[in-house]
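Below are the chains, spelled out letter by letter.
Number of protein chains: 2
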Amino acid sequence: MTFKQTVFFARAAIIACAFSLLWPAQSHAAEQAGARIADFKLDNGLQLVVIPDHRAPVVTHMIWYKVGAADETAGKSGLAHFLEHLMFKGTAKNPAGRFSTVVARIGGQENAFTSQDYTGYYQRVPTEQLKTVMEFEADRMTGLVLTDAVVLPERDVILEERNQRLENNPRARLGEQMDAALFLNHPYGRPIIGWRHEMEGLTRDDALEFYKRFYGPNDAVVVIAGDIEPDAALKLAQETYGQVKPQANIQQRKRPQEPPQVSPRTLTLADPRVEQPAVQRNYLVPSFSTAKPGQSEALEVLGHVVGTGANSRFYRELVVNKRVATSAGAYYDSSAFDMGKFGLYASPGTGVTLPQLETAMDAVIAEVVEKGITAEELERAKSRMIADAIYAQDNQASMARWYGQALMTGATVEDVKLWPSRLKAVTAQQVQDAAREWLDKKRSVTGYLIKDTAPPSEQPASLQPVKVEKRS
Amino acid sequence: MTFKQTVFFARAAIIACAFSLLWPAQSHAAEQAGARIADFKLDNGLQLVVIPDHRAPVVTHMIWYKVGAADETAGKSGLAHFLEHLMFKGTAKNPAGRFSTVVARIGGQENAFTSQDYTGYYQRVPTEQLKTVMEFEADRMTGLVLTDAVVLPERDVILEERNQRLENNPRARLGEQMDAALFLNHPYGRPIIGWRHEMEGLTRDDALEFYKRFYGPNDAVVVIAGDIEPDAALKLAQETYGQVKPQANIQQRKRPQEPPQVSPRTLTLADPRVEQPAVQRNYLVPSFSTAKPGQSEALEVLGHVVGTGANSRFYRELVVNKRVATSAGAYYDSSAFDMGKFGLYASPGTGVTLPQLETAMDAVIAEVVEKGITAEELERAKSRMIADAIYAQDNQASMARWYGQALMTGATVEDVKLWPSRLKAVTAQQVQDAAREWLDKKRSVTGYLIKDTAPPSEQPASLQPVKVEKRS
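Protein chains in written order, with the numbering used here: chain A, 1 to 472; chain B, 1001 to 1472.
Extracted from the complex, chain A is given alone in its bound form (with noise of 0.2 Å):
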């Protein structure tokens, strides 16, 4: 389905995680929109987020479920997400095809991703049709119907997307590799597309079978940003979501944890196609919902510190003053429902090794531990976040995808709303406490990406899978 762009929030992607949880409501303007946010409750259990946005006579219509990858039964992996595939396959009233063709017709856009914690799908279409695109997701949320001849297709389509997304992406297999080592027992140790070997197992049973277990009205957010007022998206949301029942046994997010994190782990990835080595460091650290009041936000400001921008200590430090790096960077994501990672990376400059460039990158945080952040970087940092989230407010899109983030990962609409007053009210003191608490190698892997230059022909064992057949 070429029209099907999926996307993957990954949880190691710096891009995404960049603008997590940021609300910029302490701005005059921010404030304003943030007081006219609604926030209604269906009776059939569904939430409905509303963000009046007039500029255009346009909305963005996002409906989120509760459910993603880290909810996928053992062996079972990419469950969730080609689930996300098979909802664009049809019901009794309409057949596969016709959301996407009438979406396409009216000029509208549309879009679909799966996560560890979510799963959702989104429309940007003229007001007008709004209620037209509620009723096909109203129902494709409890009437999908799935045959053998459009599913076992689709398996291979995403079998494709494996090899596109991570099989031929370098960086991608370190992040994978390094999820498997960081997680001794939670599922976000699996990777959101599934592991090879079990994507190609999925079924049509399988995928009816998870569906009900996780999609209905008692499970679902739906965000509308745009050019409507709440009231009428709420009307609209009764004629559609309100008619379906909710879904009995619909199932509650409950994940196996992680055991005390003990070992500092390393792992190496040799890719022929790396033409940039380099150094990533994951941290297991809180996520916003799991952490105690102030951490998280202190694992904000630390993040920008050390590793955003040309004024972070690890571009002053790495690539200007030492010239180790060619690149550096950190980041923290907050957005998960169950814990959080802080990542550093940095790409080593000409005759460094990597060991040296990690030695380089250690001494930097060894300091943030030690010492602190000055007033001045603590200051410019929550300016900075401030200030992102005020001018990315411009994009419909990403106002609804804030929100139902927030409340797919255990947050609700007044913690986004205070985020910012929560942001300004950390200490430099709570920066360096939470480096010095959660930036501890015992929590951490550390990867390293090299260039494989030995020939194809020697490197058979580690890209077959492990051979399971049995001798009786």
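Treat the hints as calculated values from the structure; they're not laboratory data. Be a bit skeptical, because a hint or two may be false.
Claimed, not checked - Dumping the calculated SDA-like pairs for lysine to any residue here, alpha-carbon to alpha-carbon at most 20 Å: (1) A:K254 with B:E1209; (2) A:K93 with A:G143; (3) A:K451 with B:E1128; (4) A:K235 with A:I37.
To be verified - Where chain A lies over chain B, by a calculated footprint (3+ residues, C-beta under 8 Å): (5) 1180 to 1191; (6) 1196 to 1204; (7) 1421 to 1433.
To be verified - Facing chain B, according to a computed beta carbon distance under 8 Å, are these residues of chain A, among others: (8) G75; (9) L184; (10) E198; (11) S263.
Since the model is a prediction, treat every value here as computed from it, not as a measurement. Note that beta-carbon positions come from the ideal geometry of N, C-alpha and C, so glycine has one too.
Position chain B relative to chain A; hints supplied.
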């Protein structure tokens, strides 16, 4: 329950592995014994193996269930072992304690054990008491009765067992961390005894649900070694186990398998109680039941040549010649329903760092990969392994355990009988090929065990469970 000693056939345990699947049918005496081993199947699916041995008027009676820690639902780690403990808590017919009291009164011994792949119970009693223990085992096969009054205190017992076996044992802690890093997807990555935070939540309902899914005659193998003839044992089995109805909902073992292993991993465990640092390397390799014909036997020889005894490459090169190690060894753990492991280990001599020791270990492995082993090494390894098995045959319980373990991990009685002739057929070329194909670092985890010299107050984050409380 102080009288019940629970044994883990831990997959990392070196001593247990050395005996795996060794069966001395090549010797004249053993051939006779082998010929007299009987293999029956009752109508309800129960398999009975009888190994006559009339030297003393006693029998070793073992019942093995095809369920282990690897069959636990994610999030319920430790459940198979917990159920093993709870199996002593009584039935409607025999209240808690009666079975053990009877065994003790007649001067018998009893034991129980849980592995990743099986759970077993055994008694060694005078032959005339065999029927009594079979009646007790048949009764608790489906008749277990559990109340919270017995379940909850027993949960404290397994938690204390974890304290003793794992948390106070740096080498066991290292092994736990290495398994978690070696297996990216397979449940062998979880500890048999369970992660503490999951053990704390195990309930009566969890145990009973697991029991009903996995315990029944159609999932069990009884092995009797000792002073009894096959027909007499069969008659007793029919009168006892034969009366138990097959369980309709017994589930076949089917575990998530591994993706290709592409990244060499390392980890470091620092523990204040370490007196002797060590390097451990585990490779993911085929088990006896997943290997191609000859591969597993070649890995047995490889393990012996590289790391068993004073003539091994590791001992000669690392301990005697280079003096970089005070001890060193290697082993192959072939006995697994899914994949096996090949392990290397060494402790450094004075003034030798762990990276230096690892480099020396790697050099030994590289030489075997490049140049293979000598004809003398090959023959010595084969002779020694067969001789060891002959000597070990003297032990009734070991014989029962070999057969039971083999039948639990996908092998047959015939496989066990044929094993020595398969071992004899191994060539030096096959051993070199096995080293080249399977001792690939991409399929491995290397663990460093070091003494933690930091004061306890500086280790808080690492020794605390990951916090999971929610804000809202």
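Give me the numbers of the hints this structure contradicts, sorted from smallest to largest.
Checked against the structure, the hints that fail are numbers 3, 7, while the rest are satisfied.
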